[in-house]
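**Q** Sequence:
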Amino acid sequence: MFDAAFISEIDTLLAPADAQAARFPGEAPSRQPVHTAYVPADQFTASTCTQWGSRALTLLSTHVTDSASLASFSGLPAELMVDVHPRLLAKLASQPIEDVRVDFEDGYGLRPSEEEDAAATAAGIALAELAGRPEAPLLTGTRIKGLQPATRWRGLKTLELLVSAAVSHDGLPERFVVTLPKVAHEAEVHAGVRVLAYLESTYGLDEGSLRLELQIEVPQAVYGPDGTAAVARLVHAAQGRCEGLHYGTYDFSAAAGVVAGYQSLEHPLADHAKAVMQLAAAQTGVRVSDGSTNVIPVGSPDEIAAAWTLHARLVNRALERALYQGWDLHPGHLVTRYAATYAFYRAQLAPSAARLRAYTQKADSGVMDEPATAQALANAVLRAVECGACDDSEVLLASGLDRAALLVLAKR
13 MFDAAFISEI
23 DTLLAPADAQ
33 AARFPGEAPS
43 RQPVHTAYVP
53 ADQFTASTCT
63 QWGSRALTLL
73 STHVTDSASL
83 ASFSGLPAEL
93 MVDVHPRLLA
103 KLASQPIEDV
113 RVDFEDGYGL
123 RPSEEEDAAA
133 TAAGIALAEL
143 AGRPEAPLLT
153 GTRIKGLQPA
163 TRWRGLKTLE
173 LLVSAAVSHD
183 GLPERFVVTL
193 PKVAHEAEVH
203 AGVRVLAYLE
213 STYGLDEGSL
223 RLELQIEVPQ
233 AVYGPDGTAA
243 VARLVHAAQG
253 RCEGLHYGTY
263 DFSAAAGVVA
273 GYQSLEHPLA
283 DHAKAVMQLA
293 AAQTGVRVSD
303 GSTNVIPVGS
313 PDEIAAAWTL
323 HARLVNRALE
333 RALYQGWDLH
343 PGHLVTRYAA
353 TYAFYRAQLA
363 PSAARLRAYT
373 QKADSGVMDE
383 PATAQALANA
393 VLRAVECGAC
403 DDSEVLLASG
413 LDRAALLVLA
423 KR
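Numbers in the numbering used here are just positions in the sequence shown, counted from 1, shifted up by 12.
No wet-lab data here; the hints were simulated from the structure. By construction, the Cβ of each residue, glycine as well, lies at the ideal position given by its N, Cα and C atoms. Be careful, since some hints might not be right.
As the list claims (entries may be wrong) - Have a look at the derived ranges for each label pair, beta carbon to beta carbon: (1) 73 / 215: 24 to 32 Å; (2) 25 / 295: 21 to 29 Å; (3) 291 / 28: 17 to 25 Å; (4) 164 / 214: 13 to 21 Å; (5) 287 / 38: 16 to 24 Å; (6) 127 / 409: 51 to 59 Å; (7) 121 / 161: 14 to 22 Å; (8) 52 / 81: 25 to 33 Å; (9) 269 / 203: 23 to 31 Å; (10) 94 / 26: 35 to 43 Å; (11) 180 / 26: 45 to 53 Å; (12) 203 / 121: 21 to 29 Å.
All chains should be built: construct the whole structure from the sequences, respecting the hints.
**A** Written out as structure tokens, the structure is:
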């Protein structure tokens, strides 16, 4: 038997590895939204989510009458749209936005101080009111101006005014996120953490209740001057407060020198940056979000079909690459966000469920899955149920597993 002195020696040698492992607790247990909708602050009210849903439904009903026309307009598989179409209608009528950001940065711009002060207060009141509504998103938050010298105190004043107004009007929503744009150095993350702790203390909020989201919009946020992955340091600098990393399509592309006509979510530099972000965030509980497309579904039927087909393809492409969230900038994007998301998960349901059944029942099959793969399969099925792509009853029939069993397999 090993004696006590030897056990202590080995534990001491492994202490750095144990400390590192503690920084990678695994997937976050909370539900991840499928998208984030960015709404300029001067356009945001407590009714914005409902209005976006209504506008999306109007656009849909104008051009789509059944599952076949939905497939035609979106380019998605017709056989999947039979089940997707009614689910899409129900989602847009009940919870059209799963995550919303009141935008005081690029979507709002530079305004007179009094105007932004008033908008911040109004946004705080609107968020407090929205929190109690049945259509409330899973997450809400705000994107303030960056912590760079020129905008630092304007952004922080806006944040405090918004939090103060919300607290004085029934309180902030439970899952509230502050997005820091154009983060380039971990000092900005340290400062963000300190600001959120200050606001929690000042306004009597639970410690750790305010969350950070880091917008990756400049190359130096991905690679530091020494050539290492700076984004990994950004994640850990947040001291457990980081909700997600959001890729900023156009700012990042421009900063990397990509000419306007080739700036997109599909550019090789975009794919590389997002892959580095995913690896840096893996097993930390921090989610990575894809960016947005600036092509919106407006105009003639052909123009709308082209925009929807592009967006649906980009959503599906992201999902295939394990990016389960993206940005939406227009109510019309909700149509293809959910249609493509539901189609993706429904297409994966049968094979995933079959593999889970074989794994849990230790049945002979053509694939020998490891526990880690079973965890990933369970997480994929849970994502499908949670976003509305399928029902618990369908999953139980296909896999023999109920929600509780899936949560255990997914290690939630």
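**Q** Now tell me, hint by hint, if it's right for this structure.
**A** Results of checking the hints against the structure:
{"no.": "1", "hint": "73 / 215: 24 to 32 Å", "result": "violated, 43 Å"}
{"no.": "2", "hint": "25 / 295: 21 to 29 Å", "result": "holds, 23 Å"}
{"no.": "3", "hint": "291 / 28: 17 to 25 Å", "result": "holds, 21 Å"}
{"no.": "4", "hint": "164 / 214: 13 to 21 Å", "result": "holds, 18 Å"}
{"no.": "5", "hint": "287 / 38: 16 to 24 Å", "result": "holds, 20 Å"}
{"no.": "6", "hint": "127 / 409: 51 to 59 Å", "result": "holds, 56 Å"}
{"no.": "7", "hint": "121 / 161: 14 to 22 Å", "result": "holds, 18 Å"}
{"no.": "8", "hint": "52 / 81: 25 to 33 Å", "result": "holds, 32 Å"}
{"no.": "9", "hint": "269 / 203: 23 to 31 Å", "result": "holds, 29 Å"}
{"no.": "10", "hint": "94 / 26: 35 to 43 Å", "result": "violated, 55 Å"}
{"no.": "11", "hint": "180 / 26: 45 to 53 Å", "result": "holds, 50 Å"}
{"no.": "12", "hint": "203 / 121: 21 to 29 Å", "result": "holds, 23 Å"}
Hint check: violations occur at hints 1, 10; the rest are consistent with the structure.
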